[in-house]
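Protein chains: 2
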Amino acid sequence: MIIDCHGHYTTAPKALEDWRNRQIAGITDPAAMPRVAELRISDDELRESIEKNQLRLMQERGSDLTIFSPRASFMAHHIGDFAVSSTWASICNELCYRVSKLFPKNFVGAAMLPQSPGVDPKSCVPELEKCVKEYGFVAINLNPDPSGGHWNSPPLTDRHWYPIYERMVEYDIPAMIHVSTSCNPAFHTTGAHYINADTTAVMQLIQGDLFRDFPQLRFVIPHGGGAAPYHWGRYRGLAQELKRPVLREHLLNNVFFDTCVYHLPGIELMAKVIPVDNILFASEMLGAVKGVDPETGHNFDDTKRYIDKLDLRSSDKQKIFEGNARRVYPRLDRRLKSQQ
Amino acid sequence: MIIDCHGHYTTAPKALEDWRNRQIAGITDPAAMPRVAELRISDDELRESIEKNQLRLMQERGSDLTIFSPRASFMAHHIGDFAVSSTWASICNELCYRVSKLFPKNFVGAAMLPQSPGVDPKSCVPELEKCVKEYGFVAINLNPDPSGGHWNSPPLTDRHWYPIYERMVEYDIPAMIHVSTSCNPAFHTTGAHYINADTTAVMQLIQGDLFRDFPQLRFVIPHGGGAAPYHWGRYRGLAQELKRPVLREHLLNNVFFDTCVYHLPGIELMAKVIPVDNILFASEMLGAVKGVDPETGHNFDDTKRYIDKLDLRSSDKQKIFEGNARRVYPRLDRRLKSQQ
Chain A
1 MIIDCHGHYT TAPKALEDWR NRQIAGITDP AAMPRVAELR ISDDELRESI
51 EKNQLRLMQE RGSDLTIFSP RASFMAHHIG DFAVSSTWAS ICNELCYRVS
101 KLFPKNFVGA AMLPQSPGVD PKSCVPELEK CVKEYGFVAI NLNPDPSGGH
151 WNSPPLTDRH WYPIYERMVE YDIPAMIHVS TSCNPAFHTT GAHYINADTT
201 AVMQLIQGDL FRDFPQLRFV IPHGGGAAPY HWGRYRGLAQ ELKRPVLREH
251 LLNNVFFDTC VYHLPGIELM AKVIPVDNIL FASEMLGAVK GVDPETGHNF
301 DDTKRYIDKL DLRSSDKQKI FEGNARRVYP RLDRRLKSQQ
Chain B
1 MIIDCHGHYT TAPKALEDWR NRQIAGITDP AAMPRVAELR ISDDELRESI
51 EKNQLRLMQE RGSDLTIFSP RASFMAHHIG DFAVSSTWAS ICNELCYRVS
101 KLFPKNFVGA AMLPQSPGVD PKSCVPELEK CVKEYGFVAI NLNPDPSGGH
151 WNSPPLTDRH WYPIYERMVE YDIPAMIHVS TSCNPAFHTT GAHYINADTT
201 AVMQLIQGDL FRDFPQLRFV IPHGGGAAPY HWGRYRGLAQ ELKRPVLREH
251 LLNNVFFDTC VYHLPGIELM AKVIPVDNIL FASEMLGAVK GVDPETGHNF
301 DDTKRYIDKL DLRSSDKQKI FEGNARRVYP RLDRRLKSQQ
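Going down the list, the protein sequences come from chains A and B.
All letters in the first sequence, in the order written, are residues 1 to 340 by our numbering.
All letters in the second sequence, in the order written, are residues 1 to 340 by our numbering.
Chain A extracted, bound-state conformation (with noise of 0.2 Å):
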């Protein structure tokens, strides 16, 4: 089967972000802050947006299951407050829980969490809880930069996150290191603030000795990793001045790269840098990049078209498309072998 470890629900209905707009007036204007009952999405308007858009490309391209989470730049931690964030996680999380259901052979639910910019991310614990032991989530995506483009937040190795990761390792998921908009104008969100937090993780990473705390953790950057694989010598050789061990030790036991880069050589240059084991299949489609390359006449987010051309061994892309996530969502893992 063919597992993609990064979609995201960027086709709910519009009820979804009316009600969500209503949130955001009501920060301002509390009388105007909409009750949760208010937003009514049925169960045919779920299964129309899906079934229009991400199922129907999935089995297009020829994908199985979408390893599903909120829309990443809706996450948009830095408006409001906490108690803004906590709302907007648990509806956007519950859609997401409800698609799985609708369609339980071809998506899981990841949760976003309701970080907000200077809280403790102690405070995402019990979303990050319900997630997981009643949505059967099987990942989170965590957001190194919470204020989205003004990065005041500590590095990832840093204590301020370990109650995250405590959790983490206690049920066994993996975190996708996913930032949402940017509201700084200096970052496009999705052409510079997107790769810049995921090249950001790994050099933070780099420097930090977090999986001596953790070895169990697990992060899957994505988007190909940000810029690290295309610079993977400058990261060995900053890995070396920092007298780290070599990043297959530091780092590769730990850290996965989703495939999320939208042309064959790029793809060519992460199976040629980066080991098979570390390699997660993922589209992000309907995502950041919409059209077709006028040079290959197909979706720049096909990424399994690229795959395909790649010269592995046939068992070495059963490991992109399958194993590897299997092995780093040991929960998606025992969900499939239940379900057989």
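What the hints contain is simulated information worked out from the structure, not anything from laboratory work.
Careful: at least some of the hints might be erroneous.
Quick list of in silico lysine-lysine cross-link-like pairs, DSS-like style, CA-CA up to 25 Å [stated by the list, open to error]:
1. K309/A with K272/B
2. K272/A with K317/B
3. K272/A with K272/B
4. K317/A with K272/B
5. K243/B with K290/A
6. K272/B with K317/B
7. K272/A with K304/B
8. K304/A with K272/B
9. K101/B with K337/B
10. K133/A with K105/A
11. K309/B with K243/A
12. K101/B with K290/A
13. K290/A with K304/A
14. K290/B with K304/B
15. K52/A with K101/A
16. K309/B with K272/A
17. K105/B with K317/B
18. K272/A with K290/B
19. K101/B with K122/B
20. K130/A with K337/A
Starting from the structure of chain A, add chain B where the hints point.
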């Protein structure tokens, strides 16, 4: 000949750093502020600092001439006010000028600017003019984030920067877009901030339409263009979504990438996706990564070896090593012709 378009004076005599430390102390204690005349570095000291380091390595590795600018991480535009930056830039540029006089066949200068957070870039024009007219410098380094990792300047496409661009066009000099030290603990200087800045700059240029206003303006994006070549499909796709022309038209008449990518697979990718006319040889030595790559037995930053190994025609390699630099830095070309 082989021109390295990206070298910094990272090996200046210790007296420079001592003077700078006193200058920084003088920001809070004006009585301690040193006079410029208190910095004394002899020609012999300059010669030794270059002959034992950059020049030795250039000769060992086979490059002839380096476009030489002050140490990037020491620019630290976020420290002090404009007066502090102005004095510091003036000192650092003068040292590069003296190096270029001592070794006229091997070094030609590129200016650091006296940028300062929140100060109008127009204030940099006198130093820029002096470096071009009196020192014979052929380029500038432009810092898109003088705050050192807080990213509170307008994008490079904003009119904010136009006073610099007007002088660049007038003097026919390119700018390398190069940040300095990160004072944001989220960003490692050479492992995250440098690479993120390159990626950010490329995306700002894609979003905007700067080269319509300045068709002659030329930027060199260092460190192999950050993440841009690895994600070239993403950038082509984003340009398409943003209704921009294809990148070849929109960017590549004006934007060039250097080869500071410290492993062969990265350079191979670059040569595959970036037209050969837009690639400039560079090493940034002695720079970010000084060690020997245990996988090759050669220095990470000996980038000439990677280009030598590329499957390119020798006329294309000549472009990367020399021809493109003479086109992008016309003042260098004129100088070389006059030296013949």
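Each hint tested on the structure:
no.: 1; hint: K309/A with K272/B; result: holds (16 Å)
no.: 2; hint: K272/A with K317/B; result: holds (23 Å)
no.: 3; hint: K272/A with K272/B; result: holds (14 Å)
no.: 4; hint: K317/A with K272/B; result: holds (23 Å)
no.: 5; hint: K243/B with K290/A; result: holds (13 Å)
no.: 6; hint: K272/B with K317/B; result: holds (13 Å)
no.: 7; hint: K272/A with K304/B; result: holds (21 Å)
no.: 8; hint: K304/A with K272/B; result: holds (21 Å)
no.: 9; hint: K101/B with K337/B; result: holds (17 Å)
no.: 10; hint: K133/A with K105/A; result: holds (19 Å)
no.: 11; hint: K309/B with K243/A; result: violated (30 Å)
no.: 12; hint: K101/B with K290/A; result: violated (54 Å)
no.: 13; hint: K290/A with K304/A; result: holds (15 Å)
no.: 14; hint: K290/B with K304/B; result: holds (15 Å)
no.: 15; hint: K52/A with K101/A; result: holds (17 Å)
no.: 16; hint: K309/B with K272/A; result: holds (16 Å)
no.: 17; hint: K105/B with K317/B; result: holds (21 Å)
no.: 18; hint: K272/A with K290/B; result: holds (23 Å)
no.: 19; hint: K101/B with K122/B; result: violated (28 Å)
no.: 20; hint: K130/A with K337/A; result: holds (22 Å)
This entry does not satisfy hints 11, 12, 19, going by the numbered hints stated previously.
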